[in-house]
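Novice: With the hints as constraints, model all of the structure from the sequences given.
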Amino acid sequence: MSARATGAVPLLVVVAFVAAFALIPAAVLIAHGVATGGGLGGIARVATDPLNERAVENSLSQGAASAALAGLLGFPAGALLGRYSFRGRRELLAVLIVPFLLPSLAVVLGVETLFGADGVVSSVVPAASSLGSGFWGIVTANVLYDAPVVALLTAVGAESASPALEETVAVLGGGPWAAFWASWGRPAILGAAAGAVLTFLFSALSFAPPLLLCGARCYTVEARVWSLDQIFLDPGSAAILALVLVGLLAVPAALYLTLLARLRAARGSVERRPRPLPWRSPAVWPLLAATTALALAVFALLGSVLWAAARPESPGGAAFSAFVGLFGAGVTTRLGVSTWSATANTVLFATLSSAMALLFAIAAGFGIGRRPATARTMRALVFAPLVVSPVVLSFSLAQFWRPVFGGESTIGVLILLAQATLALPFALPAVEVALRRVPPALRESAQTLGARPWSAYLDVELPLVRAGLVTAALFAFALSFGEFTATYFLATPTFNTLPVELYRLEGLRLTSYAAADAGLLVLVSLVAFLVIVRGGRRVEL
Amino acid sequence: MSSSECLRVRGLSASWGTTPVLSDIDLDVNDGEFVVLLGPNGSGKTTLLRTIVGLESPTSGSVALRGRSLDGTPTYRRGIGMLFQEPALFPHRSVWENVAYGLELARRPREQIDRRVDAMLDMLRLAALADRRPDTLSGGERQRVALARTLAPEPPIVLLDEPFASVDVEIRTALRSEFRRALSTTGTAALHVTHDREEGLALADRVILLSDGRVAQSGAPEDVYRKPVDARVARFLGYNVVSERGTSLAIAPEDVELGPPDSSPTRGVVTLNGFAGRDRVVEVTLPDGVRVECRTSQESGLAPVGASVSLRWRRSVALA
Numbered sequence: 082m083s084a085r086a087t088g089a090v091p092l093l094v095v096v097a098f099v100a101a102f103a104l105i106p107a108a109v110l111i112a113h114g115v116a117t118g119g120g121l122g123g124i125a126r127v128a129t130d131p132l133n134e135r136a137v138e139n140s141l142s143q144g145a146a147s148a149a150l151a152g153l154l155g156f157p158a159g160a161l162l163g164r165y166s167f168r169g170r171r172e173l174l175a176v177l178i179v180p181f182l183l184p185s186l187a188v189v190l191g192v193e194t195l196f197g198a199d200g201v202v203s204s205v206v207p208a209a210s211s212l213g214s215g216f217w218g219i220v221t222a223n224v225l226y227d228a229p230v231v232a233l234l235t236a237v238g239a240e241s242a243s244p245a246l247e248e249t250v251a252v253l254g255g256g257p258w259a260a261f262w263a264s265w266g267r268p269a270i271l272g273a274a275a276g277a278v279l280t281f282l283f284s285a286l287s288f289a290p291p292l293l294l295c296g297a298r299c300y301t302v303e304a305r306v307w308s309l310d311q312i313f314l315d316p317g318s319a320a321i322l323a324l325v326l327v328g329l330l331a332v333p334a335a336l337y338l339t340l341l342a343r344l345r346a347a348r349g350s351v352e353r354r355p356r357p358l359p360w361r362s363p364a365v366w367p368l369l370a371a372t373t374a375l376a377l378a379v380f381a382l383l384g385s386v387l388w389a390a391a392r393p394e395s396p397g398g399a400a401f402s403a404f405v406g407l408f409g410a411g412v413t414t415r416l417g418v419s420t421w422s423a424t425a426n427t428v429l430f431a432t433l434s435s436a437m438a439l440l441f442a443i444a445a446g447f448g449i450g451r452r453p454a455t456a457r458t459m460r461a462l463v464f465a466p467l468v469v470s471p472v473v474l475s476f477s478l479a480q481f482w483r484p485v486f487g488g489e490s491t492i493g494v495l496i497l498l499a500q501a502t503l504a505l506p507f508a509l510p511a512v513e514v515a516l517r518r519v520p521p522a523l524r525e526s527a528q529t530l531g532a533r534p535w536s537a538y539l540d541v542e543l544p545l546v547r548a549g550l551v552t553a554a555l556f557a558f559a560l561s562f563g564e565f566t567a568t569y570f571l572a573t574p575t576f577n578t579l580p581v582e583l584y585r586l587e588g589l590r591l592t593s594y595a596a597a598d599a600g601l602l603v604l605v606s607l608v609a610f611l612v613i614v615r616g617g618r619r620v621e622l
Numbered sequence: 538m539s540s541s542e543c544l545r546v547r548g549l550s551a552s553w554g555t556t557p558v559l560s561d562i563d564l565d566v567n568d569g570e571f572v573v574l575l576g577p578n579g580s581g582k583t584t585l586l587r588t589i590v591g592l593e594s595p596t597s598g599s600v601a602l603r604g605r606s607l608d609g610t611p612t613y614r615r616g617i618g619m620l621f622q623e624p625a626l627f628p629h630r631s632v633w634e635n636v637a638y639g640l641e642l643a644r645r646p647r648e649q650i651d652r653r654v655d656a657m658l659d660m661l662r663l664a665a666l667a668d669r670r671p672d673t674l675s676g677g678e679r680q681r682v683a684l685a686r687t688l689a690p691e692p693p694i695v696l697l698d699e700p701f702a703s704v705d706v707e708i709r710t711a712l713r714s715e716f717r718r719a720l721s722t723t724g725t726a727a728l729h730v731t732h733d734r735e736e737g738l739a740l741a742d743r744v745i746l747l748s749d750g751r752v753a754q755s756g757a758p759e760d761v762y763r764k765p766v767d768a769r770v771a772r773f774l775g776y777n778v779v780s781e782r783g784t785s786l787a788i789a790p791e792d793v794e795l796g797p798p799d800s801s802p803t804r805g806v807v808t809l810n811g812f813a814g815r816d817r818v819v820e821v822t823l824p825d826g827v828r829v830e831c832r833t834s835q836e837s838g839l840a841p842v843g844a845s846v847s848l849r850w851r852r853s854v855a856l857a
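Protein sequences, first through last, are from chains A and B.
When you line the first sequence up against this note's numbering, it's residues 82 to 622, in that order.
When you line the second sequence up against this note's numbering, it's residues 538 to 857, in that order.
What the hints contain is simulated information worked out from the structure, not anything from laboratory work.
All figures in this text were calculated on a predicted structure; none of them were measured in a lab.
Hints should not be assumed to be uniformly reliable.
Restraint ranges, calculated between C-beta atoms of paired labels, are given here [stated by the list, open to error]: (1) A:Ala89 <-> B:Glu759: 47 to 53 Å; (2) B:Arg614 <-> A:Arg518: 43 to 49 Å; (3) A:Ala245 <-> B:Ser834: 41 to 47 Å; (4) A:Arg547 <-> B:Thr610: 30 to 36 Å; (5) A:Arg457 <-> B:Gln649: 43 to 49 Å; (6) B:Pro797 <-> A:Ala259: 54 to 60 Å; (7) A:Arg518 <-> B:Glu836: 55 to 61 Å; (8) A:Pro521 <-> B:Asp760: 33 to 39 Å; (9) B:Ala667 <-> A:Pro453: 35 to 41 Å; (10) B:Val706 <-> A:Ser243: 24 to 30 Å; (11) A:Ala245 <-> B:Arg763: 42 to 48 Å.
Virtual Cβ for every residue (Gly too), placed ideally from N, Cα, C.
Specialist: So this is what it looks like as structure tokens:
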């Protein structure tokens, strides 16, 4: 029927976009690599290469350790944030998402500033320096990056518990444990589990932390794919290893999406108000302690990056002088491109790609609203490029589309496509969750008054989810602003964005400028998220 | 009242998955007529309205508006107005903009829109609220705005899905008569769904009783009330159903007379006795366990719980 077709068209547009600019190029790349790499024999050779085996082990061990620690730290904090209201709760929820938006390089820089040789913490507590490099350095970076996400998802779960059910337990004589088991424990654990699996995925895919904090012996599969292609110039093996990577992450990715779907089902469409925090109740003290620890860790991370950025360019110089130097001729000469141009590129590409991600999220939101049965498939589809990984995505995008678009001028287009594809999985939920809260009777009223499906969507539904649209746009903007892996892979020497410049400055050991660059990235993410919370909005995953 | 046909429904069936909700419904509404669809919760009333307006698809059957078949026509082209239980006003639009929405969609000329919206607001005493946002209005005001919005594009018929259920009891009666007046002023036909039998009987030109997804009975309110066709309808209309010598009788609570234990062959024990304002409500349980409700203001209604009484019917209807 026509109503069904109306819903199908925008969905097909989104499917076509993800297929054309992520899934098909990746599949072609992998298939080509397997064919030229010697077919099954090639797969066996790549799979049994000791360095590749080690990369798989590294991905698994780093992923598992990071997921466990992020879960332990994030769960109690999320329980507190989801169940109780207190002054600054909203701001805290916003700040927690900031590390997630930073380029991993900035997080690495923060870890080095805190725990590296002569780090802020390690110079006081020498034992802490083990967190500044090697395996534990990588895990520290991953946990700082992802524990807040575990906390946010746990909070979503804890919020969804029915207060009436908990009050009934209390009236029947149940204490805090009974309330936990009967009411809020299950959804909170569900949220924490989703967060831990997501941590595993991102940690198994981590790129900058093994590169900068440890070196080749700690390479994840993602980093190994990159080095096979870019350093050893062996794209065939890289492609086969990319296949291994996809195989490795398919199950956890499916698990994450399933947990997330359950979490959303538990949450329903009602927004509940958390009750005031009972400071005097000993049952909340451990939760308070964990929340404080997590908040301190995030503030220390952001603070250390900003502090490092504020340090003078050279000993005895003025504070913030590194910012001046960063934009000066010296850096331009060393890198061949000015920081001004890198900033302009970053802003331009983040703006365009977030607009693109938002448009696709709006289209998908329309389709899912008319055909709710497609919701899970669509979420899985837009999530798939993350599992394909930024390295493989950009690598295959370049291989597949460069001959079509032709020449140097396509870099911009490819970067735009890659950033939009990577931001979409985070822009879509913000729009979709908001749309689900609009009472269906509003849309139906509009229809009975003569509104066609798109008119009803544009006139009635979208204006009501403006907050969700702003959140989606800012989230996508901040992610694209800090996107490093795919952009770096596609960028040419004369093209820079701030995260790519940060990497190049680190490589040239221009640490004070690198710190200033990272400081800029932290500031932009912070501003984006203060805007989100000021409007009473929040981030949805 | 004009008697030309406005809405015609034939053989309409619908189901939720494999559970049938409506079976083989035939229904007509004439131009300007106010028809009430009465039935208990879960009898399929809302589904019937949603199917007529095209928000749900029927498994079979047809709907026609003024002779034009609507089968396969999307909701937005049907031109049937609908009021939902919640007023469903667009929160981001003012009262005036809400009422103008349907006219804007129909691309009416600006001055015509202005005139029509103002007329609707005047008719429903909303002119002073034109610039207000829906969240600043009372429940009754919201429903009036919703009616103005529905009537503005001049639909030949409006479907009303229990629009008074969300309104405070004190203003419900006034709102009902205001709705009724607005619909007859504009000459709009109405198909009004409710499970409140007093509301339904009071408003209707004609009543259709729906039970288990089927039309159980239809006719003028007085006729339906005086002659319920079966026990289910009788119970829904508030009758006691008692079986005597092999026949089922429907007896209205007002028609039950209580007397001393030996004054009639039908006896029972008072199991509840409560004050209900103008009269008392007495529940008497018969020996076979059937409970009979009696409303009386006579002295015999003071019999305490546990007392034996005899019952006599002033009037009863034999059921099929």
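Novice: Look at each hint and say if it fits the structure.
Specialist: Here is what the structure says about each hint:
no.	hint	verdict
1	A:Ala89 <-> B:Glu759: 47 to 53 Å	holds, 52 Å
2	B:Arg614 <-> A:Arg518: 43 to 49 Å	violated, 28 Å
3	A:Ala245 <-> B:Ser834: 41 to 47 Å	holds, 42 Å
4	A:Arg547 <-> B:Thr610: 30 to 36 Å	holds, 32 Å
5	A:Arg457 <-> B:Gln649: 43 to 49 Å	holds, 47 Å
6	B:Pro797 <-> A:Ala259: 54 to 60 Å	holds, 57 Å
7	A:Arg518 <-> B:Glu836: 55 to 61 Å	holds, 59 Å
8	A:Pro521 <-> B:Asp760: 33 to 39 Å	holds, 38 Å
9	B:Ala667 <-> A:Pro453: 35 to 41 Å	holds, 37 Å
10	B:Val706 <-> A:Ser243: 24 to 30 Å	holds, 28 Å
11	A:Ala245 <-> B:Arg763: 42 to 48 Å	holds, 46 Å
The structure fails to meet hint 2 from the earlier list, while all remaining hints are met.
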